[in-house]
Structure formats: C-alpha cells, structure tokens
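Asks: Protein chains in written order, with our numbering: chain W, 4 to 212; chain E, 3 to 402.
Because the hints were derived from the structure by calculation, they are not lab data.
Built from N, CA and C at the ideal position, the CB exists for glycine as well.
Capping the alpha-carbon separation at 27 Å, the derived lysine-lysine pairs in DSSO-like fashion look like this:
| id | chain 1 | residue 1 | chain 2 | residue 2 |
| --- | --- | --- | --- | --- |
| 1 | E | Lys171 | E | Lys37 |
| 2 | E | Lys244 | W | Lys198 |
| 3 | E | Lys171 | E | Lys268 |
| 4 | E | Lys56 | E | Lys112 |
| 5 | E | Lys90 | E | Lys56 |
| 6 | E | Lys126 | W | Lys73 |
Quick list of the computed label-pair ranges, beta carbon to beta carbon:
| id | chain 1 | residue 1 | chain 2 | residue 2 | range |
| --- | --- | --- | --- | --- | --- |
| 7 | W | Ile167 | E | Asn288 | 52 to 58 Å |
| 8 | E | Gln44 | W | Ala132 | 30 to 36 Å |
| 9 | E | Lys56 | W | Glu12 | 52 to 58 Å |
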Amino acid sequence: MDYLDNIYEAILDGDMGIVPTNVQSAIDAGIPVSKILIESMIAAMEEVGRLFQEGEYFVPEMLLAAHSMKAGLSVLQPHLVNTGIEPIGKIILGSVDGDMHDIGKNLVAMMLEGAGFKIVDLGTDVSAAEFVEAIKEGADILGLSALLTTTLPSMESTIQAIEIEGLREDIKIIVGGAPVTAEYAHQIGADGYAKDASQAVKVAKSFIN
Amino acid sequence: MTMTPRENFFTAMSHQQPERVLVDMGKHIGSIHKKAYVKLQQYLNDVPMENADKILDRMAQTVVPDEALLQRFGIDFRWLVPNWVQVKERTDVDGYIDMWGVPYRATADKDHYAIDVLCDAPLKTATLNNLDDFNWPDPYDPDQFKGLREQAESLYKNTDYVIGADAIKAGPLMTALQMRGYEQFFMDLIADTEFADALLDKITWTLKAMWTRYMEEVGAYVQLAYVTDDLGSQTSMLISPKVFRNRLKPKMKELYDHIKGLADVKLMMHTDGAVLPVIEDIIEMNVDIINPVQTSVQGMNNTQFLKQQFGNRLAFHGAIDVQHLMPNANLNQLRWEVAKRIHDLSYNGGYIIAPCHNIGHDISSQNIVAFFDLVKEFDTDPSALDKVLASKQSYFANHN
Numbered sequence: 004m005d006y007l008d009n010i011y012e013a014i015l016d017g018d019m020g021i022v023p024t025n026v027q028s029a030i031d032a033g034i035p036v037s038k039i040l041i042e043s044m045i046a047a048m049e050e051v052g053r054l055f056q057e058g059e060y061f062v063p064e065m066l067l068a069a070h071s072m073k074a075g076l077s078v079l080q081p082h083l084v085n086t087g088i089e090p091i092g093k094i095i096l097g098s099v100d101g102d103m104h105d106i107g108k109n110l111v112a113m114m115l116e117g118a119g120f121k122i123v124d125l126g127t128d129v130s131a132a133e134f135v136e137a138i139k140e141g142a143d144i145l146g147l148s149a150l151l152t153t154t155l156p157s158m159e160s161t162i163q164a165i166e167i168e169g170l171r172e173d174i175k176i177i178v179g180g181a182p183v184t185a186e187y188a189h190q191i192g193a194d195g196y197a198k199d200a201s202q203a204v205k206v207a208k209s210f211i212n
Numbered sequence: 003m004t005m006t007p008r009e010n011f012f013t014a015m016s017h018q019q020p021e022r023v024l025v026d027m028g029k030h031i032g033s034i035h036k037k038a039y040v041k042l043q044q045y046l047n048d049v050p051m052e053n054a055d056k057i058l059d060r061m062a063q064t065v066v067p068d069e070a071l072l073q074r075f076g077i078d079f080r081w082l083v084p085n086w087v088q089v090k091e092r093t094d095v096d097g098y099i100d101m102w103g104v105p106y107r108a109t110a111d112k113d114h115y116a117i118d119v120l121c122d123a124p125l126k127t128a129t130l131n132n133l134d135d136f137n138w139p140d141p142y143d144p145d146q147f148k149g150l151r152e153q154a155e156s157l158y159k160n161t162d163y164v165i166g167a168d169a170i171k172a173g174p175l176m177t178a179l180q181m182r183g184y185e186q187f188f189m190d191l192i193a194d195t196e197f198a199d200a201l202l203d204k205i206t207w208t209l210k211a212m213w214t215r216y217m218e219e220v221g222a223y224v225q226l227a228y229v230t231d232d233l234g235s236q237t238s239m240l241i242s243p244k245v246f247r248n249r250l251k252p253k254m255k256e257l258y259d260h261i262k263g264l265a266d267v268k269l270m271m272h273t274d275g276a277v278l279p280v281i282e283d284i285i286e287m288n289v290d291i292i293n294p295v296q297t298s299v300q301g302m303n304n305t306q307f308l309k310q311q312f313g314n315r316l317a318f319h320g321a322i323d324v325q326h327l328m329p330n331a332n333l334n335q336l337r338w339e340v341a342k343r344i345h346d347l348s349y350n351g352g353y354i355i356a357p358c359h360n361i362g363h364d365i366s367s368q369n370i371v372a373f374f375d376l377v378k379e380f381d382t383d384p385s386a387l388d389k390v391l392a393s394k395q396s397y398f399a400n401h402n
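The task is simple: from the sequences and hints, build the whole structure.
Replies: Dropping the structure here:
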C-alpha cells in the first residue's frame, strides 16, 4: 500500500498512535505536504463524515478519527508553514448565551478542522456581544449551537445583534443543536442548518465554494 | 367499580386494558422548571402551590410538584426522591461537585447548572491501576435514603397511587462519560476497552450497592423503580449498537436484574434520543417500561409501529414532545397529538402518558394545563379520539 493510503486507512481506523508515524514516512519519502494533507488526511475525514451520515460510524469512531487527524497534523504543521497552503475558510463557533453544553459543538469543530477550515472556538455561554467582537476580526462563517429549547431565543438574539451592528452581510450563519430545525433556522434568519457534524461540513463548504 | 391508580397500573403492566390511561409527572427528568412553575402558580390561582423554591433536580432546576397540583392534574404516580448527598459546594463559582466528583456551574441567568467544561473531568488522567484510588461515592451513606421508608409506607397505606422509586441520578454510560470526560470515554469504548470495562464495572457495582440500600428501605412499598441513562442523540445512537451490546448492555442488565431481584417492582428505563435500533436489546435487559419515547426524533415518532412491534413485551411512558410540540402547538394541535399517542399506544394497556422531559419555561401555563385536561377529556369520552384524529391537526405534519 502506498504512503497516502496508509495515512487514510489509519485515520479511518482512528489509530492515533500510528498516524503521526505514517505522516512522517510520507514526508520522508518526499511526497508534497499539500498532497498528504488533501489526498490522505482531508479525504479520510470526508469519508468519516460519509460513514457517519450512513449510520456506520457513531460519535466514538468520529472522535477517534478526528484525534488521529490532529495527531497527524501536528507532524505536518511545521512543513505546511512554508508551502503557503491556506485554510479553506475561517469559522467562528460557540454555544449561545445561557447554554453551557459543548459536546456537539466540539464535534462540529473537529470535523470542520478536518475539512481544512480554521476554527475560532469561543466556547460555551457566549454572549451576542462576544460573537459580534469576533466577527469584527474577520471570518467567513459563524456556527451557533444550542442544546436546550430554553436557550434557542439566544440564537435569534445573537443574529439580531449581528444585524444591528451592520455585520450581517459579512458572514454566513449556520445553526445547529438538538432542538434546532431547518424551519427554525429559516425563521430566525440563519443562512444554513446542520443536523449533525458531518452535515455542518457540507453546509460550510457550500458557503465557501 | 372504579379502579384505583395502583390497580390500573397493574392492569396496564400486564398488557390489559386499564379503565383510564395512566398519567405521570413529577419524577426527575419529568417535572417542571422553577420559572414555569411560578407562572403556573399564578395561572392556577385556585390550586395551593408552595413548592416553587423546592428544587427536585439541581442541574435542571425543576421543582418537587405540590400535592395539590398532582391532584389537579390527575397524576397516578407519587415519586420518592433520594436525598442529595455527598455534594460539595464550590467556592470559586456558583456551582457544586456531585457525588461522582463531577463539577457543575450555574449559567449566568441561573436557569440551570451544567457540567463545567472549564474544569477537568475527575477521571481524566485515571488509569486501570489507580481507578480504585479515586474517592468513590459511599453507597451506604445513611443519609441518602433517610426518611424515604416513612414516606413510602405512608403513601402505601394511605393512598392508592402508584409509588415509584425515583432514580439515583446516574446510569452506567452517562456516569462514565461525565467522570472520564465525554470525548475520552467515547474513545475508551473502542480504543481502551479494558479501561472502559473497569470503569463501567466500578460504577455498576456502586449503583447496585445503592439500590440494595434503597430497596431495603422502600422495597415493600414501591411498585416501580426508575433508572436513567442516555443511549441516543437527536439523530442517531450515541454509540453503535455493536459497542452498546459489547460494552454497555451486560452492565446495564446486571444492574437492572439486581434491582428487580431486590423487590417486586416494574422497571422503567429512561433514555433520550433515537434508540430504535436497540429497543429489542432493552427488552432483553428486562426493562418493563421505556421512557420517554422521544417523539421528536426519527424512529421514535412512529408510535403506531413501536406499539405493533414491541407493545406486547414493553410498555411506553411519555411520547408527548417538549422540544417542539408543547412550546409551540396551539390547542387543536395539542389535542390531536394527545389523541394520536393515546390511540397508538394505549390499547391493551402498556402506556403511561406524560411529557417527554422536563417542562421548560418556554412552555406556556395554558399548554401545560391543557395537556393534562385533554388526557381527562379522552378518558371521559374515548370515542372522541377518532373524531379528533380525523381533523388532521398534526403539529409535526406541518413542521419539520
């Protein structure tokens, strides 16, 4: 099997012990780092997303793959700096005001990172003002998360605050989380809705291309 | 002759038609948020309600419902709630550390507490070798079930209600995820099965010991034991059915068999989410009743199918959605939904109608009261079910 296949398979298997070794071997063999990143690592995470959507992978498999990707990236990172490869977009993420749940959001962050995005994770219980400040520093997409039905109104008020600040045209907004529906996303003026982490990658990519 | 709630319960649990559909509210994961309770108190000004400050579940900030309210709503169940013990208050923030060492903090608006993601999970760095060194909860704490024997005995002798032993708030999977940290334990389940099994064993042993103490106190008086865990997410199982069967199912069955061996009780298991792929397994785990039948998720919304497929072996508790329906539905839509779930699930017994989860403060008092009144309305006139269903006023059919 060739170097790229080895990395691809190890990420799919979630074998984070072996991925860094495989990445190092590929670098040593002189394979261009951009090729390693795109054709093995990002490609593997895309397959993970597909398997999740198909119901073959669940949260544990997805986490193992994402952490394996991360372990591989840490080997690749020093070499990437010199290649001029840019992230495909910058995404701000956070759980909305009053909501301190972050498992879903973290999973979304990992999958987006695995797809080549740069992530600015503002954490949980993030106020509208904090989101606004982060947008002012520049980003392509904002992802808002909520687990509780009672914190859903914070999602709407965050979008309103962004509108009031005159920043709405500068950013695409994707919302998700247990009680969120496509209908609700539309109703509060979001640009997209993702029912899970794999879907979030698809929607985010559609806004970049 | 009119059957008592307890007689109705036994009839429904033997999958025969009870006189009325049983209705429940008031256990943890199944009560009313304090803010909704205050509004309800004003709305129902003829019902004496004093418990708005009496917190049932500190995390969710729900209330121990007043007896007068339970009577007003026609609730067939009375729940015993274990005492909140071995909890440490935090001094750095408004928060606490529960008996399993898991740190919680309040949201800024004090609406609820959630696991403090800024702190490390208590077993984050634990290994197989030092797992026993952790300061595990004392399952024999005399304070945990103090007063419950008297309460249970009094309810048993002086009322006809179904008496339920509310959960020690933990199940093997959720507790392991919280103690180890969600991400790490999810990965342990595949990448370090030896550690995962050891942790699950330790938790299961502790829970079994607690239930032994609990049933020593109240086993003679309760008809129902309530255990909680979470196996599903909004869109799928949290873990694959295969991992569930290999790692979780044996431990959960061990716990449930233990409880059923301690007292003559029916066992109700709580799991949120899309758990259709493992309902057959849940039946094999000797669960009698599944709660909450989260009708807002794929697979669990088809209650007609659930009843046909599993109804002669499993009873259902819940099915009235609190994520979308109760906060948003108008009276006609609420009526249709209540009729639909009674129609699908209540024939040959085996159904206890209830909201799927806690009633949040995004649900109006009007809809809370309407729900319980609708149940009574259909009790009085079951023939109204078909007429209502013919109106096609389904909330979910018009929203997605």
